[in-house]
Amino acid sequence: MNTTFEEELALCLRVLESEDFQFIVLQCDDDRVWRRFKTRIQEHFSARLSKNIAVQGQSYRSFMDEVYAFAEESKQTGSTGILFLDDFAALASNAEMYVGFNQRRDYLFRLPIACVCRIALGAEAVRKVSQALPDMWSFRAFTGSLPSEEMPMENIPLPLELPVERYQPHAATDAELQEISRLKEKLASLSNEPATFLLKTNLYEQLLPVLTAVGKSGEGIEYAQQYIDLLESVSSDNLPDKVALPRAYRFLGQLYEQTGWDGEAEISLKKSINQSQELCKRAGFDDMLAMSQSSETSESLAINFAKTLFILGTLLDWRSSRRKEVTEIYQESLNIFRFWSQRYRDHGKYVSEVVRAGTRLGMARLDNAEREAANLLFSEVTNCYPLLRVDESDEVLSDVALSFEMLETSPSKGRIENLGEAIAIYRRLAVRQEKYQHSLAQALRFLASAQYRISDFQGAQKSADESSEIFRHLVNKIFDNKQTSPRIGSLSFTFAFALENWSLYNYSMGQKKLAIQQAMELLFLIERCEKYLRMTDDVDTELLAGYKDAALQRLHQCGVARPSAYYRKHKEFFAAQIQAGSPMPDDLPGLSLEDKSMIERVLDSIAELLWTPRERLRKGIKSLVKKLRKDAFSSFLAAR
Amino acid sequence: MSPEIPQNQKATTLKEIRRAVRFDTPVPSPDDPFFVDFSDVRGDFAERMIYETLNVDSDDFTYDSSINYLNKTTLFLGGMRGSGKTSELAKYVARLNKPDCFYCVVCNIDSELDTNDIEYMDIVLVQVEQLAKRLHEDKIPADDQAMLVSIHNWFSERIEEINTNIKRSGGIELELGSETPGFFSIFKFAAKLKAGLIGSTENTTKIRTVVRTRFPDFANRFNEFLQTTVLELNQRGIARDILFIVDGSEKIATAAMRRKVIIDESNKIQLIKANTIFALPIELMKERTHLEMFSTVVSFPFVKLRERNGDEVPAAIERFYEFVFKRIDESLFDSRETVKMAIMYSGGSPRELLRIIQYALIFTTNTATTIDHTAIQKAVQRLATEYANNLDIETLETLKQLRENNKSGIPTPFSTSLQQCLEQLIVLEYNDGSYKRVHPIIEASNMYQQYVIQPGFLPSSALRPPESVL
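Chain order of the listed sequences is A and B. No gaps in the numbering here: position 388 of the first sequence is 388 in the working numbering, and each next residue is one more. Every number in the working numbering is 640 more than the matching position in the second sequence, counting from 1.
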């Protein structure tokens, strides 16, 4: 049954309009959705009594006493009360409860209440209720299903530095520099005699990967060109290693990519691909996978081909016009890595390549809104995790973490476990490289959302606090040092989104103090972003304005009469408390402004208006004038 | 007390024959007194083929490195057990190990490694070890110190990595050593790793995991070592290139492991850029097509004693006379016909011939001074019974089919059963593998006679001579 929340709600409201006893059963796995559903019902039937009664922890007698008491209360009001049984599944599982409840059907049906009962999603849950309470079930008024909400991350534009990271070179170690020096000197010492050919190819094969690894791309390009010239000086049929030339072009492409010469990189990589395909055809195969399946000797050709495809994919990834091409490239690369990884499954070979290609393809599928396909890929990648080496590279581990993060599972507990895995990996990586702190903060944010969903508020708060701390640290580092950074945009918006979400959660949980704190921090962040705007053009002003509105709205919801003025007045206090990590006092400063004089309120109103967007400004001025006129008139009347 | 008889010395008494016919001791070189050159009587096999595959001039055994700078040859010499491969390989080493040809490095994996548990990378370690050892023993100066330091450091880091893993599981670590970088240190490192491979299973796994993960890097470094050494050997007039001889692969314990090393890991074989001759286990000859994608496969058959039409090959028979009489004085046989009988029952396998003579010794009386016709007969009868006890119905059917096909002059297609017969020397192969026939000793068995020749025939104690011997 693919229905929306609104559709189910509308039907349920229609049923509840009847003043007779109603037995309504709804399937829902999402706590947040259930809460929202109840709230909407209560809002709709605000004149009717409503109550939650827990089944768990009660005896049949005590439970029924509560039910009867509520029925009596409802009777007094003259309308049908709405009784919410959130854990009705517990009743259907407890013979002591369901036998009696079922037997009392006729009596219950005379009571002025509507029972709105929640059970889990799935046919099994329904079967259980229908078998335990056949008589009640036969009199049901409505059964429905409330779909779980999409994870918030579905709607988030992916941060710029996730997930497609181009190859990041590392700082050269002394040993690597020594080796580079040795290889270069040796190459320089060799004559041009044919006898030195094989040794030269060997030296280039050792030199180019290490130059690439340490980011010496300028030098690397020079040597790669020399290597290609050497290989092309011999007829390709005579080359002892036929894969040498495609491999050399791959190195060249990778080095161009590192330098940022994307056009040249693409040309070189495509040359490599074409040469490999030519070799494949000459061997009598239509494609590399077919060749791999038929010929054990094709491994180096196939793997080089797959690696080249992968690099090309990462090069093209951010060009949305070529997204289809990129998806196909990643798919072909993954197919080949997958085949050879299976071939060597006892040795764990090519598992890291499967991880990298699988994650990239998963993200590409996600971009194409192919959630199910993406999920399968992320699942494949996470299953590779135990097969990775202990000293696996950070890039591969971060891909595994990302796959855990992106993997959608049901029930929510599975999602939390996956996020736990991702967070554990990011923690290890963040110790080594600061760039993974953003990923860690992001994953903690998702974890907080998932924990909210299953009503683990304590856990959610802890995750949210840790996430905030990291985001705060990262953002402060850039702002405090007055740095310009291409990351500030995505970093700030991710943090802003998180703060906005958390303040909403806390507000809906009645945690107004926390909601206010988060809204205030959000405003503070926006202010800093606006200042940053004067330095660069990096920040999206419309999005900023939207978040600002949301923060002000939140403050207003939490009872702050003049949100903008409140922010201006108390931001220093909140900023100091947040930076110090101190808990907010129970009485937040200046929360109620009702005692202020009319003039002070007018001045505050003007101040607030100056902070708001133009259309609101216009409306605000109209409203203010109206208010002034009313107040002035009241004062005038009072004075008289 | 009789004086110690040197190993390869012609027997002049019956007592000395047992030592002279030890078939598990190969003939190490053409200079050995027991050496007999069978190359011109192995039917379609031509020794020239080997030299030409290696780009060696077969007239003067020289190697031209200037025209062969791109050519590194991998050659698989495939032959049945006891066909004389090891002696043949020894002959190549003797011919080719010289300044205007190769610097030959022999690697006997059956003596260097644990044949019950081998991977290809183990063989490469033996190659590294043996090359470094030979260079050190020959006192070849190491000009490229920087390269040797680099390789030395690489090995040190690997051993440290291995020891870290060993330590975690509480095992006994590999000794690191403190040699200065050079051929000797590389030899020692390779030897340590090799020793670790034939030690405890846990250590073997840890060593393999580390080396396997870094095999392409290891291959690159080994190749640099090889190419640099080739240049230096060239410059010093010591040799023009390096040739590895890797023998003993047919002694790897199981067929599955043999296949894994040579077929499944052929990608690793291709990574090592060196001229190499591998002895190829006979059952892998059927993978010829696969192997020929990156190597040359040469079949090394038994010596053909009879043509398909049954005619004897006098040259081959004469060569076997030479083979016998270099080891055993002719006077220790009652007649040449006795020797001929043994030769014909051997089917052209030198090892089988030695086995027949060995058994014949058992059946000589205490007072005998020669090996006579009766002793050979009894030896063959005994061996026939032993061999035939392993024949099952499926095998007998295969032999029947083979016999009929040979009679009709049509080739016998490959089958698993036929392959097993070849591996167990129930069937012998000649020429380029196109001619196969049943082992003459098996033909002499009652089992064969009863089930293949004349089904329903009643056995008798009299030895039935094989069809090919009559």
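Careful, some of the hints might be misleading.
Claimed, not checked - Reference listing, derived: stretches of chain B covered by chain A, where coverage requires no fewer than 3 residues with Cβ under 8 Å from a Cβ of chain A:
no.: 1; segment: 768 to 777
no.: 2; segment: 860 to 867
no.: 3; segment: 996 to 1008
no.: 4; segment: 1017 to 1026
no.: 5; segment: 1076 to 1084
To be verified - So, partial list: chain B residues that the calculated Cβ filter (under 8 Å) puts toward chain A:
no.: 6; residue: S705
no.: 7; residue: K832
no.: 8; residue: T853
no.: 9; residue: R854
Note that these hints are calculated values from the structure, not bench results. For each residue, glycine too, the CB sits at the ideal point set by N, CA and C.
Status of the hints after comparison with the structure:
1. Note: the segment 768 to 777 of chain B has 0 residues with beta-carbon separation from chain A under 8 Å; the three-residue rule is not met and the coverage is violated.
2. For the segment 860 to 867 of chain B, the proposed coverage by chain A is satisfied: 5 residues have a C-beta within less than 8 Å of a C-beta in that chain, meeting the threshold of three.
3. For the segment 996 to 1008 of chain B, the stated coverage by chain A is violated: 0 residues have a C-beta nearer than 8 Å to a C-beta of that chain, whereas at least 3 were required.
4. For the segment 1017 to 1026 of chain B, the proposed coverage by chain A is not satisfied: 0 residues have a C-beta within less than 8 Å of a C-beta in that chain, short of the threshold of three.
5. Residues of the segment 1076 to 1084 of chain B lying with their CB closer than 8 Å to a CB of chain A number 0, which falls below the three-residue condition for coverage.
6. Hint status for S705/B: holds, given a least beta-carbon distance of 6 Å to chain A, under 8 Å.
7. Taking 8 Å as the C-beta cut-off, the interface hint given for K832/B is violated, the closest approach to chain A being about 21 Å.
8. Evaluation of the T853/B hint against chain A yields a held restraint, the C-beta minimum of about 7 Å falling below 8 Å.
9. The beta carbon of R854/B comes no nearer than 11 Å to any beta carbon in chain A, farther than 8 Å, and the hint placing it at the interface is violated.
Consistency note: the structure conflicts with the earlier hints numbered 1, 3, 4, 5, 7 and 9.
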